[in-house]
Amino acid sequence: MGDRLTTSTLLVTEEDEKKHEIIGAKGEGKELTKEEKQRLRKEKKQHKKNKKDDRGPPEKEKEKEKASVPAPSKPATQSPAHKAAPVPVNASASESPVAAEKPAKSKAELRAERRARQDSERASKQGKKEGGQQSTSSKPKATPNELQPVVKRLPDHVQVDDPVALKKLAKKLERQQVPLRSDYGYKVSLFSHLHQYSRKNPPTQQISIPVTVIHPSIVRLGLQYSQGIIAGSNARSVALLHAFKQVIQDYSTPPNEELSRDLVNKLSPYISFLSQCRPLSASMGNAIKYIKKEISNIPSQCKEEEAKRILQECIDSYINEKIILASEAISKYAIEKISDGDVILVYGCSSLVNHILCEAFEKQRKFRVIVVDSRPRLEGREALRRLVKKGIRCTYVLISALSYILPEVSKVFLGAHALLANGYVMSRVGTSQIALVAKAYNVPVLVCCETYKFCERVQTDSFVSNELDDPDDLIVTRNGKTHLENWQTFKSLGLLNLVYDVTPPDFVDLVITDLGMIPCTSVPVVLRVKNVDQ
Amino acid sequence: MPGADKETELSERIEAFLSELKRCGSGAGSLRGSAETARETTSLLRRITAQARWSNAGDLMEIIRKEGRRMTAGQPSETTVGNMVRRVLKIIREEYARSRGSTEEADQQESLHKLLTSGGSSEDNFRQHFTHLKANVIEAINELLTELEGTTDNISMQALEHIHSNEVIMTIGRSRTVEAFLKDAARKRKFHVIVAECAPFCQGHEMATSLSKEDIETTVIPDAAIFAVMSRVNKVIIGTQTVLANGGLRAVNGTHTLALAAKHHSTPLIVCAPMFKLSPQRIQIFLRSFCFLLPGEILSKVNAHCPVFDYVPPELITLFISNIGGNAPSYIYRLMSELYHPEDHEL
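Residue numbers (full-length UniProt numbering), protein chains in the order written: chain A, 1 to 534; chain B, 1 to 347.
These are computed hints drawn from the structure, not numbers from a lab.
Backbone N, C-alpha and C define an ideal beta-carbon position, used for all residues, glycine too.
Watch out, some of these pointers could steer you wrong.
[As the list claims (entries may be wrong)] Covered by chain B, according to a simulated footprint, are these stretches of chain A (three or more residues, beta-carbon under 8 Å):
1) 269–277
2) 327–337
3) 377–390
4) 396–409
5) 428–434
6) 458–468
When you get a sec, could you build the whole thing from the sequences and use the hints?
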């Protein structure tokens with residue numbers, strides 16, 4: 001073994017011999033066993049720690065990330081010796097600090113954590129600020145997480161105005177072979193920190209089909225998201241989970257790799273691709289966190305078929321519990337709140353609210369529904385179709401007619417996209433307006449939301465974190481004239497097509513969740529209960 | 001006979017005007033602004049005064065009232081017609097009183113005086129014949145027409161007093177008064193305008209393109225985003241269809257939501273409305289046809305509503321800017337009493 005190491009060092013010429021001794025050894029990795037690899041990784045870490053004074057922590061992360069790059073590509077390469085050498089050369093030559101390569105970093109963290117746990121050797125390193133939430137496994141479970149300072153990273157999709165962040169993102173996507181989508185059209189200055197894509201430029205234009213790096217079901221899912229074929233947070237989460245089931249089904253562990261680590265690495269470019277197609281929703285984020293946790297909890301002795309079966313079952317049970325059964329529970333609570341003779345106002349198309357109304361109708365409650373709709377999505381038509389098919393008496397208005405119709409209304413039922421930790425409700429744009437006018441007319445507002453949509457973010461306005469949809473959607477033809485047809489030619493004209501807005505908690509009277517009926521301000525309590533349970 | 005010719009010509013013109021009003025109301029003809037309607041009504045009334053047969057003020061008032069009733073019946077939602085009729089009636093009363101020799105202050109005090117006395121003396125007041133009454137009335141109507149032509153300019157001249165630089169201003173739909181107001185301010189100041197498109201006819205689009213042609217930074221937002229962006233707006237400037245006697249508004253639908261959102265964020269709501277939009281009558285909210293709102297097969301199974309106007313209560317309004325200056329909503333009733341005579345409130 002020692003001879004092979006020395007011969008490989010003669011092949012490469014670099015200033016740092018020790019580093020490339022290790023990396024040269026990695027080039028022959030197929031012949032190394034798992035224990036050897038672990039030892040090599042530990043040595044490399046020690047070596048990096050010694051060099052910590054020369055370079056900053058960002059370089060250390062770059063090294064770790066370099067380690068992750070050769071590892072998955074190892075099984076693919078035939079002659080690793082001379083191919084592994086150029087890879088570290090290129091990586092070391094790259095200028096920009098990749099401290100923000102967060103997914104790689106956190107996965108490296110996970111790996112380091114597990115190693116520390118398994119070997120019970122070295123404790124966590126400095127760069128583990130990010131892993132603060134995940135490091136609870138090494139601390140006693142009784143300590144509440146929320147009292148530790150958690151430095152949350154800023155998501156990429158709200159940093160569009162920062163050129164450094166954009167460059168980092170571009171590099172990361174290039175490495176993962178995910179196409180970078182370019183912005184479209186003039187962006188309103190208030191929203192220059194967000195992306196604005198056009199539906200006519202789907203992200204698949206820049207990648208070759210069939211795609212080698214990204215699983216085909218993920219490509220299809222991404223296209224469905226970006227074209228708006230799958231919309232609505234429940235639908236998107238369920239579609240995502242089904243696609244991941246397919247991915248797990250088709251996955252095969254490469255030799256000398258652990259399923260629990262490698263599969264998580266495989267998922268990372270898929271998630272980047274999906275977030276390029278359309279920024280991830282809070283429910284999708286929670287689902288992905290759950291899957292990653294489940295994958296990393298697979299014991300290493302588990303055989304591959306067994307592991308896959310376990311994961312499929314986990315996903316199925318997640319969908320069943322958090323979405324399907326939750327909606328049953330919410331319907332039960334909500335039906336108590338619907339009395340005979342009610343006039344109920346709903347906005348847009350929320351799958352949960354539609355389900356509640358259909359259930360209430362089946363239970364012989366007598367009520368009628370007013371569906372409020374808004375341009376440009378006009379989702380209310382879909383809700384109208386579903387309710388009319390059931391036989392419920394409906395009225396249809398646009399949101400500008402709200403003040404006209406509200407005196408007739410006795411209750412307002414709204415769906416939510418996410419519930420934020422400070423009690424604000426993030427939902428389709430227009431929801432806050434409905435809540436405002438309902439409050440002015442003293443009509444009770446009830447929000448229905450499953451607990452898996454609760455997220456720890458806080459937000460006070462609709463600007464800092466939002467989504468900009470295709471601005472061309474606002475163009476419309478009325479009376480044979482399309483005024484905004486050439487809006488791009490007017491350089492001072494911008495079109496703003498927001499997707500979400502946040503409703504302050506004082507407009508909302510009650511939130512109906514699968515855990516019961518709670519006021520808006522109790523959301524952090526639920527989050528804490530959930531975290532302790534996990 | 002020349003007299004009969006004149007009469008037939010007159011009635012032809014009145015008929016033409018009525019049919020024009022009806023067509024505009026149904027949306028088939030071109031949409032005209034209220035200023036145009038007001039001008040045409042006033043010129044028509046001047047013609048009636050000049051060409052119709054009357055011997056004393058009372059007769060003239062009867063004729064005008066009758067024509068006025070017909071015109072308002074032709075298009076009930078267009079209140080400027082009725083407003084102009086009432087203005088002309090007030091002019092006639094004033095000119096009559098001036099010819100009789102009594103001063104104008106006495107006329108105004110008459111209304112209070114009438115409350116205390118039995119008020120029986122006014123009935124036969126308008127039967128006296130004055131030779132110069134016709135000329136005086138026509139001259140006064142000409143003054144009214146001049147005033148009407150200058151209203152938009154008068155309002156725009158006040159723009160710089162209300163808009164400072166780097167402001168974000170929100171407006172809804174399309175108002176020619178507000179358009180002129182903002183364009184005038186844009187000549188000297190740089191600011192940003194957000195236009196709510198006002199579905200379903202989306203007149204906001206036209207407004208936005210027109211403003212951006214003058215190099216004003218404009219953004220078009222859908223109606224649903226009004227509350228979402230309101231926190232960054234400094235002022236809301238809107239036009240209106242009618243100003244009511246209590247200081248409230250009958251404006252395009254969606255304005256009430258805008259006013260509530262502005263109130264929540266304590267953003268001042270400024271209404272640019274010329275004086276001829278002040279109306280003393282009771283209002284109705286009209287519904288528009290909604291056949292294009294939904295595809296046909298669903299439409300047969302649901303009710304749909306598409307109101308044309310919104311009522312905005314006076315508590316939500318901060319300021320009225322009209323051709324005679326700025327006023328608080330609580331002062332509108334006083335302006336109303338100066339413009340119209342209480343007996344003319346019901347035509």
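Verification of the supplied hints:
Coverage of the stretch 269–277 of chain A by chain B is violated in this model, with 0 residues showing a Cβ closer than 8 Å to a Cβ of that chain against a need of three. For the stretch 327–337 of chain A, the assignment as covered by chain B is violated, since 0 residues bring a beta-carbon within under 8 Å of that chain's beta-carbons and 3 are needed. As drawn, the stretch 377–390 of chain A meets chain B at 4 residues by the rule of a beta-carbon pair under 8 Å; at three or more, the given contact holds. Residues of the stretch 396–409 of chain A lying with their CB closer than 8 Å to a CB of chain B number 10, which satisfies the three-residue condition for coverage.
Closer than 8 Å: that is the beta-carbon criterion, and the stretch 428–434 of chain A has 5 residues meeting it against chain B, so the requirement of 3 holds. For the stretch 458–468 of chain A, the stated coverage by chain B is satisfied: 3 residues place a CB nearer than 8 Å to a CB of that chain, which reaches the threshold of 3.
In summary, the structure is inconsistent with hints 1 and 2 from the numbered list given earlier, while agreeing with the others.
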